[in-house]
Amino acid sequence: GAVVSQHPSRVICKSGTSVKIECRSLDFQATTMFWYRQFPKQSLMLMATSNEGSKATYEQGVEKDKFLINHASLTLSTLTVTSAHPEDSSFYICSARTDRGLTVGTEAFFGQGTRLTVV
Amino acid sequence: DAKTTQPTSMDCAEGRAANLPCNHSTISGNEYVYWYRQIHSQGPQYIIHGLKNNETNEMASLIITEDRKSSTLILPHATLRDTAVYYCIVRVDNYGQNFVFGPGTRLSVLP
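Residue numbers (the numbering used here), protein chains in the order written: chain A, 1 to 119; chain B, 1001 to 1111.
Simulated from the structure, these hints should not be mistaken for lab results.
Since we're looking at a predicted model, the values are computed, not measured.
A hint or two may mislead.
[Claimed, not checked] In silico contact screen, one side only, chain A against chain B (beta carbon under 8 Å); selected entries:
no., residue
1, Phe34
2, Phe39
3, Pro40
4, Leu46
5, Lys64
6, Phe110
7, Gly111
8, Gln112
Just so you know, even glycine gets a beta-carbon here, dropped at the ideal spot from N, CA and C.
Take the sequences, apply the hints, and build the full model.
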């Protein structure tokens, strides 16, 4: 299947600093990328959807100025958590889909996740 | 997207078949059934999906009832590494649409 690589897998940062998480599609062009957040013992919750070259669409309750999403190319999207606080500590997961070519179907492929701890 | 109902948890003996049920009684004609799983502290992994015919791949089989109101994911020979949360998701096959995850079924494969 298609590969989505997320980096870093773990990050610890101080309160008030910013953290950038990268999501790359390694063998296909990701026309749409999704960012999820998962708190302990809970399911994944969608934060935002981004299409290459367009502004991201954020879910209700997600602050767009705090969670900056950039999808500048067909293989890379970034999520920057600005002025992070302890309550932002969570497992962040990206997902990528493509509408190009026949090698990848309509299923979405997920990165391995990034565990963010804000101290 | 139609709502799905899955058991909260299940146990399965190693080497035996694991049958994970999912109810989706409000599924509409253009909605597919997708299955993903999430091993602890990893991103979800795609398993299989189907519309109305049964499907099989190297990981699992998907059995969809004739009325499409329920389905079963079958792992034919479960191993300890199959211990994970399994998510059944019903959705229209649309490239731009996200996947909505419910609580899923926590499958424990026991030695």
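Do the hints match the structure? See the list:
no. : hint   : in the structure
1   : Phe34  : holds, 5 Å
2   : Phe39  : violated, 13 Å
3   : Pro40  : violated, 10 Å
4   : Leu46  : holds, 5 Å
5   : Lys64  : violated, 17 Å
6   : Phe110 : holds, 4 Å
7   : Gly111 : holds, 5 Å
8   : Gln112 : holds, 5 Å
Violation of the numbered hints given earlier is confined to hints 2, 3, 5; the remaining hints are satisfied by the structure.
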